[in-house]
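There are 4 protein chains.
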Amino acid sequence: MTMPKTSMPRRERLMSDYSDLRATTMALCDPLEPEDMVVQTMPDVSPTKWHLAHVTWFFETFVLDRSGRPYAPFNPGYHQLFNSYYQSQGKPFPRAERGFLSRPTVDDVRAYREHVDSAMLELISDSSDAVIERVASVVEVGLHHEQQHQELMLMDVKHVLAKNPLRPAYQSKPSLVNTSVPSMQWCSSTGDAVRIGNKTAEFSFDNEGPEHEVLVHPFELASRLVTVGEYLSFMAEGGYERPELWLADGWELVQRENWRSPLYWEESEDGWRVMTLTGLRPVDPGEPVCHVSYYEADAFATWAGLRLPTEFEWEYAAKGRSIAGTFLESETFHPQSIGHLGEAAEPAQLFGDVWEWTSSAYAPYPGYRPFAGNLGEYNGKFMANQMVLRGGSCVSPKSHLRETYRNFYYPQQRWMFAGIRLAR
Amino acid sequence: MTMPKTSMPRRERLMSDYSDLRATTMALCDPLEPEDMVVQTMPDVSPTKWHLAHVTWFFETFVLDRSGRPYAPFNPGYHQLFNSYYQSQGKPFPRAERGFLSRPTVDDVRAYREHVDSAMLELISDSSDAVIERVASVVEVGLHHEQQHQELMLMDVKHVLAKNPLRPAYQSKPSLVNTSVPSMQWCSSTGDAVRIGNKTAEFSFDNEGPEHEVLVHPFELASRLVTVGEYLSFMAEGGYERPELWLADGWELVQRENWRSPLYWEESEDGWRVMTLTGLRPVDPGEPVCHVSYYEADAFATWAGLRLPTEFEWEYAAKGRSIAGTFLESETFHPQSIGHLGEAAEPAQLFGDVWEWTSSAYAPYPGYRPFAGNLGEYNGKFMANQMVLRGGSCVSPKSHLRETYRNFYYPQQRWMFAGIRLAR
Amino acid sequence: MTMPKTSMPRRERLMSDYSDLRATTMALCDPLEPEDMVVQTMPDVSPTKWHLAHVTWFFETFVLDRSGRPYAPFNPGYHQLFNSYYQSQGKPFPRAERGFLSRPTVDDVRAYREHVDSAMLELISDSSDAVIERVASVVEVGLHHEQQHQELMLMDVKHVLAKNPLRPAYQSKPSLVNTSVPSMQWCSSTGDAVRIGNKTAEFSFDNEGPEHEVLVHPFELASRLVTVGEYLSFMAEGGYERPELWLADGWELVQRENWRSPLYWEESEDGWRVMTLTGLRPVDPGEPVCHVSYYEADAFATWAGLRLPTEFEWEYAAKGRSIAGTFLESETFHPQSIGHLGEAAEPAQLFGDVWEWTSSAYAPYPGYRPFAGNLGEYNGKFMANQMVLRGGSCVSPKSHLRETYRNFYYPQQRWMFAGIRLAR
Amino acid sequence: MTMPKTSMPRRERLMSDYSDLRATTMALCDPLEPEDMVVQTMPDVSPTKWHLAHVTWFFETFVLDRSGRPYAPFNPGYHQLFNSYYQSQGKPFPRAERGFLSRPTVDDVRAYREHVDSAMLELISDSSDAVIERVASVVEVGLHHEQQHQELMLMDVKHVLAKNPLRPAYQSKPSLVNTSVPSMQWCSSTGDAVRIGNKTAEFSFDNEGPEHEVLVHPFELASRLVTVGEYLSFMAEGGYERPELWLADGWELVQRENWRSPLYWEESEDGWRVMTLTGLRPVDPGEPVCHVSYYEADAFATWAGLRLPTEFEWEYAAKGRSIAGTFLESETFHPQSIGHLGEAAEPAQLFGDVWEWTSSAYAPYPGYRPFAGNLGEYNGKFMANQMVLRGGSCVSPKSHLRETYRNFYYPQQRWMFAGIRLAR
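Protein chains in written order, with the working numbering: chain A, 17 to 440; chain B, 17 to 440; chain C, 17 to 440; chain D, 17 to 440.
Simulated from the structure, these hints should not be mistaken for laboratory data.
Among these hints, one or two may not hold up.
To be verified - Taking beta-carbon pairs under 10 Å as the criterion, some of the chain A residues facing chain B (in silico):
(1) GLN103
(2) GLU260
(3) LYS397
We treat Cβ as the ideally placed atom computed from N, Cα and C, and that holds for glycine.
Whole structure, please, built from the sequences with the hints as guidance.
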């Protein structure tokens, strides 16, 4: 019988968490050829092997190099190569050129991971409780950081495979089709001064705090996500041709990039098809629409005479609900139809499936304090020009998510699994 | 004795307001040569004669063409040429190519203005009260719109003249130098649920409403604007070389554009000099720093261990205060030193001198409704990627400003007269 | 009775030539408004007032500043502002930003010209014969240089006016239409070792020498230029859609820029129309096709199963022929139909009307020596990536042209008056 | 005992040539990891596996698909994927995105090669003499084509490895250092009307013909290539900072790209170092300078008061000389010092080591006819904007070279092994 983790002593639990999570990352690479792990198809995308190395670099840089114990880096050249954006750690290798690096090879990166894993496990098992106490919080950040990169790896591999005219699939498991969807209902909330943000003892990122009060006015939230079928209606009614539906920056982008559908859709003689991690197939009207930008989400809401929720409305509606939905662990790697809803109008699909664009710009909460030290660059410096998304997606690890979690992307980005929930 | 305007009948007041404001616009061109009025030095800048024609097009398109009375357009080709961004009015002439238009000439544009002015004054004087009632609100928008362009004309002419190595001055009046500045003090506010936005009978833009409650936490606001002298200290301590002070997008910009100072500053053997509308001269440590981007304002605040106010904090602090400061009417066209403050710590310089960057992204207020009809594009479609500025500047007409007024610019822009007020 | 210039004494002739040519330049500006003279519609285009000042700068810099006589520059700031590309004279003002300069105004530039003209005429009239001897050759280069800019002024004004949706005309004189064109005939030349280049006592540019022998193989040259009608056939047969007709770089450009016709053509319901210096009008099938790039000329020849001549073939065919055709002096500012040819098949239209693309890359002749001193940059440094054009155009001054004259442009450029003569 | 190939019957010789050359290509990949074969570091570079597939596509498309015998393509999707630039074969996959393709994998490409090799060898061994006669010339083009790609593979791999801060080496064999170099001497040629181009029965490319007479004036050619030591002198005397040495387009490029040395050089505390296929090491003053653009070659010649030869002068000087030098077969993959010259001043190093820039633009010879049919796109469409290089390099297969061979690159390119020979 496996002992439940929560009852393990801290040291053992940390070692177990570390080992499990690192193994999960490698397992995601099983369907990939070495060639798949090298390619970078746009500046936002990183090669798989870069992700594998970067999350390892994180532990090396922020734990091992600072542990007080002797540690020999696997390769000193990696320090610059796998620094993503930490200016405090020297000038990072240019992001747009990560796909220029054929070396280290995938096997080299595997060896790098093993080198660091040994050192990490040795550190945790051999250190005094005081040292554990000191490093545990950084290790924890490192684990949550690696979970973020598990999601990024799948987003990026999808982009790489989709760019290829041969349309290779990441895995062959078909995604289920369920065209019957319950009609959208409205879940009312009375406004209030509500507590927003995290103050639990559990791990959370710095940008989730401090907890504070926000005045939320009465609102209604849609009971489910917007479906592909509903989005097809928007398209059929000239959604991509009517400037009055769009924010000015969005319309400019639609014109410049000639957008006519969500990312990964392509028109064929038999109608719209969509590239998924299980290959190219017809779009399913019943599943949540995915891979839309903020501009598309906003234009859709305008077309519908509705709006997107604020992040505070979303968090208020999600408060206390269980983390249920489609996550990385399901291995479907695609958002799923909701099936049917219960009788009472309760918001469903809040977690998993697709990240939900909110109308809130990503900004610090009142009294926001970045993580101490070198990790201060983790979140705060991105608090401009980005919008908050909430809830998580079908490629997010379930344990990574919570009601206070704030994800953020630029309004033009759409290679993440992002969809639409309406409010009014 | 001139009758105060407020006691005039509505029709007469409208005619008087219209004539005065249109004359003010033309008076701003007095120091300019025709050549100065043609040039466009970056896509954000428009030629003076384009401004003169566009504000006229506004009355022609939204008032005269819809008045129900016969109206012969001055030149049908102008309909596309001087449409700024109203997609409902057809495809606007490309913004970045406004400086490609040598025709209509400045004299042609003067004739266009006279043609429209005659028709406007005739319309107002000859129409029934019912018609006046119907058009008055659009005329009012048109007048406030032209005030905005009075400010833009001076911003743009400054850019044109400053790009010229001969450094021509718009006017010769010297700006006063007052190096003695009172020390910055902190004005405390207790938090509260405060009413934000406009609900008066007076004119306001759609983006200032609806009035609604916002929870403002206790805060302190600086008693005056940040000075050039304080900004020089930031620069001297490596402000432009330390990535840890900057938002990521800002740092990227600083590197790419090689920013080392505010816009219009240049280094000489005798120290920093600044280009103003009265020519090139040494910087004055006592005057408010101006022509900084949001990124620079934010980096300065980070360096100082402080922050920028939210737009709600700003409005709360400004509530009920009189509109005092340096405005367009002073004809200094440059922000002025504060001189001395009263004994009590009250926030000064809230209006005029320089627009004050807030940390609030430009977003709709809850329940926001755009202007009806074709003017719906006026404000709403820009509610992405921009930040709110408050208060007004030395090139804003005084009557254009109020405590609920929301200006907005992209965080990278700095050719407007924008400065810094700190909060904590 | 006017004394023929050739019998004048050298000093008087130089003064007369100088005055006449400078006056011709100003006369070309008569139809222009100040606004027309400021605008730059692409980096290749310069504002008229820049041309007026630059040719003046040439005399100031290369004659007056070096004359040995005291000379006070009109404005020291002009030295950088109106330097086109002479690195020996300091860093030129950026070419693409010439349209950013509102000052000096057109009137300022007129005064600059008068200042320099006075000094020049005084220098010539008052100097010793020895000094005249020394400066005369540079003055002569300056005059030929200004003739080149007369042509450029008209090319550039055409581009400025054509960019304007109002389609203003430079002058109202209609261009004649003559749709009857004689059929193309072939003029044979037996190959030979021929003398190429200039060795006369008359003025020529450095790139026309030294005279040398080139082996020209037997060839045939078309008796006239390719007409608009013939070019319309090329277009009708998919000329712009068939990659096999195009050089690879040309095809890439056609795709990227979406070229579908020569420059200044636009399709209307009534067929193709063309913008000219006398306004927009239907294309005339009988007139020479104009404003085509090298790529278009080459693709047309490939489509016709023919080729372009080399510059040596062209010069060989032109040797000894009189300079007849349509030039600047005709004030038509547009290439003219040939009307009828004589009975014998002799190549017509060799001079004037349109510059003729040759298949020769612009390269130095064996033993080429640049002009001495600062003028060494005049021609030689452009001998890469450009193609030679021969003959002259309807906006070239007649006295500027000769059989050895080598004009040169990049293969993608087409705002000059360039057309097609075929060979086989 | 191996039968010399020339005495083999045609069919056997073709099979033997085919097998040998295809094996050579694969052998060049022995030192590479799969990851090295995927990456594209600039648009000019192609991934190794793309080269391997493209040369195979060439045989599939131009031989097997047209052989009249049944042939099942390995994968129909490859037809577009591995088309380089043949518009007649449909729209090629975008060149700049070749590095986006993770699939087919290297192993897939190996299988593709084997599939095509079987079919090719079967075709040759089983076909009638008449069929052999028909296909042999295309097979021959295919083999010479693959030799070109052998050179390209090494050029491209060098670029990929050099972009990597870890500086991986392709192979470890050290390149020899020989700092003693004989002084440059001048080899005189009297001018003449000389026969240029190929008319032998042996294979040559279409651009080498037809043979024709060119008048070559008396000239002198340097007895050896310009060395690194000589190039260091150019650099020491401000070669990269003096605009008067450069063609205008070259100077613009030097400024924009901040060039300060040949490609692959980097400055260290111990002086200049150079990246080679055997790793990073100090520059060797005695070896030929390599990886310079046409602009650098021309600027060097101008600095030296000399010039580059025309391609006709080069061919005239090379006529009848044996193909001696450093080629691909030496496996040094780097140009070698000349060691010593014979007593008589004869031009040495004409073949191999580095391609020699000539001052001749790449243009068709008089009467040029492209290869018939689909191969017509092979050479002709590139005859604009490029310059001719002669002689071959240390990564050219020896049997690929001859005195009439014309290589061509854009004047700004320098990732090929190109160097400098002077003339006067």
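Tell me if A:LYS397 is really an interface residue toward chain B, meaning its C-beta lies closer than 10 Å to one of theirs. holds (4 Å)
Holds or violated: A:GLN103 as interface residue toward chain B, Cβ cutoff 10 Å? holds (4 Å)
May I ask you to test the interface hint for A:GLU260 with respect to chain B, counting a Cβ-Cβ separation under 10 Å as satisfied? holds (6 Å)
Violation of the numbered hints given earlier is absent; every hint is satisfied by the structure.
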